[in-house]
Amino acid sequence: MGERVEANVRDAIGQTALLKASMEGHEGVVRLLMGFDGVDVNVQDGLGETALMKASSIRRAGAAITRALLQSATLDVNVKEKEGNTALINACTHGYEEVVQALMECSRVDVNTQNAKGDTALIAAASAGQGEVVKLLLK
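If you read the sequence shown in numbering that gives the first Met the number 0, its first letter stands for residue 0, the second for the next number, and so on.
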């Protein structure tokens, strides 16, 4: 057998297979990749986004991928991208209630983290007019 495949190889914009699968909504592939030793669930692309951030920014399969990623004990759920947004802030801005719910169920998520503008998840949701998300956050 030849060389072993490197799971964390990056493309020209810094994305790995896990980042791409998360961004494209491929839950089965995300779960498959997470099952291999050495896959970095916290790797950030050129924008500073992680697989969790990618999943929190898509409607299709976003909640399922978020839940899959949250199963990793090594996942840093509060990583910030270049503008200081977290996965929770992203999901709140987009109004993805199921993703917000999944993140809120994780005790490791800091719901009061602020981005570079000083916005929290609640401020981001309110600013984007996401009333249902605001209700979820205030429960």
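Just so you know, the hints here were simulated from the structure itself, not pulled from any lab data.
Do not rely on the hints blindly, as some may be mistaken.
[Stated by the list, open to error] Below, simulated DSSO-like cross-link-like pairs (lysine-lysine); rule was C-alpha separation at most 27 Å, straight line:
1) K134 - K79
2) K19 - K79
3) K116 - K134
4) K81 - K116
5) K116 - K79
6) K116 - K138
7) K138 - K79
8) K81 - K19
Results for each hint:
1. K134 - K79: Cα-Cα ~24 Å, so holds.
2. K19 - K79: Given pair K19, K79 holds - Cα atoms ~18 Å apart, limit 27 Å.
3. K116 - K134: holds, 22 Å
4. K81 - K116: Within the cut-off at roughly 12 Å; holds.
5. K116 - K79: Satisfied, since the Cα-Cα distance of roughly 13 Å is no more than 27 Å.
6. K116 - K138: Roughly 25 Å between the alpha carbons, so the hint for K116 and K138 holds.
7. K138 - K79: holds, 24 Å
8. K81 - K19: holds, 18 Å
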